[in-house]
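Undergrad: Put chain B on the given structure of chain A with help from the hints.
Order-wise, the sequence lines are chains A and B. Just so we're aligned, residue 1 is where the first sequence starts under the numbering used here, counting upward by one. Just so we're aligned, residue 1 is where the second sequence starts under the numbering used here, counting upward by one.
Keep in mind the hints are simulated off the structure, nothing from the lab.
Note: identical chains are not told apart, hence a pair may lie in one copy or across any two.
No farther apart than 30 angstroms at their CA atoms in a straight line, the calculated lysine-lysine pairs in the DSS-like style are these: (1) 196 / 521; (2) 292 / 196; (3) 541 / 292; (4) 393 / 432; (5) 2 / 451; (6) 393 / 451; (7) 432 / 292; (8) 521 / 386; (9) 386 / 533; (10) 490 / 521; (11) 541 / 432; (12) 533 / 451; (13) 2 / 432; (14) 386 / 541; (15) 292 / 490; (16) 521 / 432; (17) 386 / 292; (18) 432 / 493; (19) 292 / 217; (20) 573 / 493; (21) 292 / 521; (22) 493 / 451; (23) 432 / 533; (24) 493 / 521; (25) 210 / 199; (26) 199 / 521; (27) 210 / 196; (28) 573 / 533.
This structure is a prediction, so every number in the text was calculated from the model and none was measured.
Protein chains: 2
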Amino acid sequence: MKRFFPILDWSRSYTRDTFSQDLVAAIIVTIMLIPQSLAYALLAGLPAEVGLYASIAPLLIYAIFGTSRALAVGPVAVASLMTAAAIGDLAAMGTPEYLGAAIALAFLSGLMLLLMGFLRLGFLANFLSHPVISGFITASGIIIAASQLKHIFGIDAGGHNLYELAISLWQHAPEINLPTLGIGLFATGFLFWARKGLKPFLLKRGIAPKLAEILAKTGPVAAVALTTLVAWGFSLDTRGVSIVGDIPAGLPVPTLPPLDLQLWLKIATPALLIAIVGYVETISVASTLAAKRRQRIDPDQELIALGASNIGSAISGGFPVTGGFSRSVVNFDAGAQTPAAGAYTAVGIAIATLFLTPLLFFLPKATLAGTIIVAVLSLVDLGAIKRTWRYSKADFSAMAATILVTLGFGVEMGIIAGVSLSIFLHLYRTSKPHYAVVGQIPGTEHFRNIKRHEVQVSPSVYSIRIDESLYFPNARFLEDTINNAVARDKNIKDVILVCPAINFIDASALESLEAINQRLKDAGVRLHMSEVKGPVLDRLKRSELLTELTGEVFLTQFDALCAVDKECALRAKNDSRPS
Amino acid sequence: MKRFFPILDWSRSYTRDTFSQDLVAAIIVTIMLIPQSLAYALLAGLPAEVGLYASIAPLLIYAIFGTSRALAVGPVAVASLMTAAAIGDLAAMGTPEYLGAAIALAFLSGLMLLLMGFLRLGFLANFLSHPVISGFITASGIIIAASQLKHIFGIDAGGHNLYELAISLWQHAPEINLPTLGIGLFATGFLFWARKGLKPFLLKRGIAPKLAEILAKTGPVAAVALTTLVAWGFSLDTRGVSIVGDIPAGLPVPTLPPLDLQLWLKIATPALLIAIVGYVETISVASTLAAKRRQRIDPDQELIALGASNIGSAISGGFPVTGGFSRSVVNFDAGAQTPAAGAYTAVGIAIATLFLTPLLFFLPKATLAGTIIVAVLSLVDLGAIKRTWRYSKADFSAMAATILVTLGFGVEMGIIAGVSLSIFLHLYRTSKPHYAVVGQIPGTEHFRNIKRHEVQVSPSVYSIRIDESLYFPNARFLEDTINNAVARDKNIKDVILVCPAINFIDASALESLEAINQRLKDAGVRLHMSEVKGPVLDRLKRSELLTELTGEVFLTQFDALCAVDKECALRAKNDSRPS
Numbered sequence: 001m002k003r004f005f006p007i008l009d010w011s012r013s014y015t016r017d018t019f020s021q022d023l024v025a026a027i028i029v030t031i032m033l034i035p036q037s038l039a040y041a042l043l044a045g046l047p048a049e050v051g052l053y054a055s056i057a058p059l060l061i062y063a064i065f066g067t068s069r070a071l072a073v074g075p076v077a078v079a080s081l082m083t084a085a086a087i088g089d090l091a092a093m094g095t096p097e098y099l100g101a102a103i104a105l106a107f108l109s110g111l112m113l114l115l116m117g118f119l120r121l122g123f124l125a126n127f128l129s130h131p132v133i134s135g136f137i138t139a140s141g142i143i144i145a146a147s148q149l150k151h152i153f154g155i156d157a158g159g160h161n162l163y164e165l166a167i168s169l170w171q172h173a174p175e176i177n178l179p180t181l182g183i184g185l186f187a188t189g190f191l192f193w194a195r196k197g198l199k200p201f202l203l204k205r206g207i208a209p210k211l212a213e214i215l216a217k218t219g220p221v222a223a224v225a226l227t228t229l230v231a232w233g234f235s236l237d238t239r240g241v242s243i244v245g246d247i248p249a250g251l252p253v254p255t256l257p258p259l260d261l262q263l264w265l266k267i268a269t270p271a272l273l274i275a276i277v278g279y280v281e282t283i284s285v286a287s288t289l290a291a292k293r294r295q296r297i298d299p300d301q302e303l304i305a306l307g308a309s310n311i312g313s314a315i316s317g318g319f320p321v322t323g324g325f326s327r328s329v330v331n332f333d334a335g336a337q338t339p340a341a342g343a344y345t346a347v348g349i350a351i352a353t354l355f356l357t358p359l360l361f362f363l364p365k366a367t368l369a370g371t372i373i374v375a376v377l378s379l380v381d382l383g384a385i386k387r388t389w390r391y392s393k394a395d396f397s398a399m400a401a402t403i404l405v406t407l408g409f410g411v412e413m414g415i416i417a418g419v420s421l422s423i424f425l426h427l428y429r430t431s432k433p434h435y436a437v438v439g440q441i442p443g444t445e446h447f448r449n450i451k452r453h454e455v456q457v458s459p460s461v462y463s464i465r466i467d468e469s470l471y472f473p474n475a476r477f478l479e480d481t482i483n484n485a486v487a488r489d490k491n492i493k494d495v496i497l498v499c500p501a502i503n504f505i506d507a508s509a510l511e512s513l514e515a516i517n518q519r520l521k522d523a524g525v526r527l528h529m530s531e532v533k534g535p536v537l538d539r540l541k542r543s544e545l546l547t548e549l550t551g552e553v554f555l556t557q558f559d560a561l562c563a564v565d566k567e568c569a570l571r572a573k574n575d576s577r578p579s
Numbered sequence: 001m002k003r004f005f006p007i008l009d010w011s012r013s014y015t016r017d018t019f020s021q022d023l024v025a026a027i028i029v030t031i032m033l034i035p036q037s038l039a040y041a042l043l044a045g046l047p048a049e050v051g052l053y054a055s056i057a058p059l060l061i062y063a064i065f066g067t068s069r070a071l072a073v074g075p076v077a078v079a080s081l082m083t084a085a086a087i088g089d090l091a092a093m094g095t096p097e098y099l100g101a102a103i104a105l106a107f108l109s110g111l112m113l114l115l116m117g118f119l120r121l122g123f124l125a126n127f128l129s130h131p132v133i134s135g136f137i138t139a140s141g142i143i144i145a146a147s148q149l150k151h152i153f154g155i156d157a158g159g160h161n162l163y164e165l166a167i168s169l170w171q172h173a174p175e176i177n178l179p180t181l182g183i184g185l186f187a188t189g190f191l192f193w194a195r196k197g198l199k200p201f202l203l204k205r206g207i208a209p210k211l212a213e214i215l216a217k218t219g220p221v222a223a224v225a226l227t228t229l230v231a232w233g234f235s236l237d238t239r240g241v242s243i244v245g246d247i248p249a250g251l252p253v254p255t256l257p258p259l260d261l262q263l264w265l266k267i268a269t270p271a272l273l274i275a276i277v278g279y280v281e282t283i284s285v286a287s288t289l290a291a292k293r294r295q296r297i298d299p300d301q302e303l304i305a306l307g308a309s310n311i312g313s314a315i316s317g318g319f320p321v322t323g324g325f326s327r328s329v330v331n332f333d334a335g336a337q338t339p340a341a342g343a344y345t346a347v348g349i350a351i352a353t354l355f356l357t358p359l360l361f362f363l364p365k366a367t368l369a370g371t372i373i374v375a376v377l378s379l380v381d382l383g384a385i386k387r388t389w390r391y392s393k394a395d396f397s398a399m400a401a402t403i404l405v406t407l408g409f410g411v412e413m414g415i416i417a418g419v420s421l422s423i424f425l426h427l428y429r430t431s432k433p434h435y436a437v438v439g440q441i442p443g444t445e446h447f448r449n450i451k452r453h454e455v456q457v458s459p460s461v462y463s464i465r466i467d468e469s470l471y472f473p474n475a476r477f478l479e480d481t482i483n484n485a486v487a488r489d490k491n492i493k494d495v496i497l498v499c500p501a502i503n504f505i506d507a508s509a510l511e512s513l514e515a516i517n518q519r520l521k522d523a524g525v526r527l528h529m530s531e532v533k534g535p536v537l538d539r540l541k542r543s544e545l546l547t548e549l550t551g552e553v554f555l556t557q558f559d560a561l562c563a564v565d566k567e568c569a570l571r572a573k574n575d576s577r578p579s
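Next comes chain A alone, as it looks inside the complex (with noise of 0.2 angstroms):
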């Protein structure tokens, strides 16, 4: 019960002083949450009120299944790009099919993490290595910045990569609107300024270091109070100004996903691919923050977590959810002790959306895309992709095609590239394991890289020792390394194969082994093993391979070569080392 209710462990030690931190927390996350929760739902094509519901719902199902102490779920940039490109080609914005796809998206992810979960197939995550993850999360946010840009602009323009997109602002360039510009630029320019600039001004100012920590994170909530008197004061919306306008109050009602087959199949690789993205960034995220504590996070729980979340979302009619970055720093630093942070937030949300929506009103659009692209740049991290090209050729290849194809062909097909082409790099890799022809070290029983050391090597015996498991990927070249060396030197009569470093053999390796064995045999060549692990020998009985071998089994290399060269055990002793 408590691996799938996590709430029942920590429940039951909560106490006062727990509450009073956790609530500090969620006030702070809330004054955080409710400029973004709009922004983001902007940047998904969607009305303000479903990026509100999209942060009640997930947060309380989060606190009961989650295991991350600090973990803030809610929409975030790059799933709300993802659910813009995903649905963007099938329906219009602004109409019900749209939310419709939107809220099934967000259903569908939520399935598809349950199902990961209660499958324990929380390693699917690892398909997408570090650099593909970065790479895709910086493209991302390029492309994000620039979507953002017809809001400040106070234009229409639209896509879903860099080209389109740039070409549509070009286009529609000539129809500026430049009150919509001014709001734009100083909220843009304000936000930039309050990331680093607002805490040393507070500092500056008087405020105690600790209540000007948390002033310094309500930047946003002043750009937003800001610019909306503004609006409000000069009547901007008569100007041409996009405000955000009625946002409907109350809680949401609960709703089904549309029940639509097409639809479900058309959204099922994006679903898939939001419900990756988004887990790895949940999961990142929470086990660094656990780690600060030493405190642990289950990841196959946290995918049943983010899917009962993204659930929940769909059910009250949100989008899809994820555990964000900064607002889960933002938890952590504000002293969030427990998943009860988050359902104290999900109350501050359901206040807001209950009390507060006729104040947003007079909101401009241009204020949420500011506070959308100051969130997005900081995630584009160009000094990882120069460490990843000083580091590995390899990897920054794998880097670069997921940020030129998702810049180029949106972010389904970036991803999609940056996987396969790093699955291929590593498989690719794999097929030409680590090995070293070994020799004896004279005057003692251990053998090493003859082309590293001072080796004595006895002319007929060819001793080879493979450093990694033996699977199909490497399987031929196995097969091709030992037929070379015995077609090349006539001499050799036995091989020996040393195993300590062979954990694993699987059957086409097996099958390898035997061809090996075989054509060896025709040859007129033995074939010996030594050093074999005690799993992977117990395993080779249940197959032919021993009882067919033309060699045999030894403990150690020193038997194997001593069984085939006299003079092997005389090395031994007659130390003639060089030096």
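TA: Showing chain B alone in chain A's frame:
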């Protein structure tokens, strides 16, 4: 030059002796190949002469480019089935479009092989694990045999998977043609008997062993001759027996494949699958035969040779070809010494195409079907299924999936399912690398797994040895393992990563190590590394891990432990082992 034209190598030492050996082999293979080439054309749904055309140019071309001394290239059963499956839905059998699609398939498949050869992508064939290819061939054999029953029964049935075939055969069962059934059963029965019984039969009749061995391979020719005579003598064509009929005499005229982009796109996937399956078969028989004489083959050059052969087949009006298993073994056993034997076979088939086709007019299709059935049922390897089940359940599941999907949904889906599942299982396995928490063997400087040996550990030190390279599929596993250990035991002050088995650290694993280092730092724990291999350390120096590392990098685990635990050196001296 010699790399791309192996003929330049072996032709220089070509002697009269080699010539006569090659010629004998070529005559035997020619006799075997005539009925086979007709039969496999039938299997692919193509006119009989296409089978002959595919047995001329490809053989000549392989003789120039191939590195195997004994490989016999030409039409084979599995590639013919895959051809029929690929183009069956694109055009009606018997139309010029159908033939054009088959030619395009050979051309595209050849282009892909050439490209893979120039890019040295031979390792792609490794993705087809042994259980998948073995399961695929077994299932293909069953489908092929089932698909030939219509010729044995003389009815008109079809389908690309077992279900469709069974339904279709059942529906058309009332139309069975008895003379056809008689011919078919006789041919099939005779060929089954001839496989094993003909040689002992001939030996008992006092025929010399060498000659009996050769004559035993001519069973199919005898069946062809006998049933053709019967069909001619009794005018069976007027009694409903399908005969081969008029085969246009004369050599193939060079043609270009249809330049139809739509068509090419549709056949791209099957062309790739035919290319890879054909290559895997080719390389496996070629390396088996090469090893018997301690010769080498060049896997990348084989891609080029097979690619050029397929393009040659297309341009001379043929369909996809590959290195056939049984035919190559016959070629080898008959004494073929160089690829020239293949060229002589081509000449033999060309002569047959010019002069013998009138003799084949009355050849019943049921005889060819019998030839196919007997040939492919030897491909069905139920023993391999049992062996795989016993050896590894994971490999068995990939094999079973391949067989079931191939039987149920056809060859393309079957192979895609098998490859996907085996890559998936492989990534799953590598996502959980083998590792050991290690302790010191008292009285020594050695360290071993605490679960298996009587070792001593320092309560404040966690020494973990990962027995695999670190890359993205297992990066998170490492994070989780260390996080959990440190969260569980609050005494831990130092973590030592023991790295002798790590050959490679990719960018994902590097990020994980940096995250681990940072998290441990936040938790007041130091991270050290010991026994890092030279190349790994060199690469790490290009990152910031070593400068940020809270601990140190040590040459040996003993040095590492002694640096953080004073009792380490003491334990090395005081031998307190219980035994």
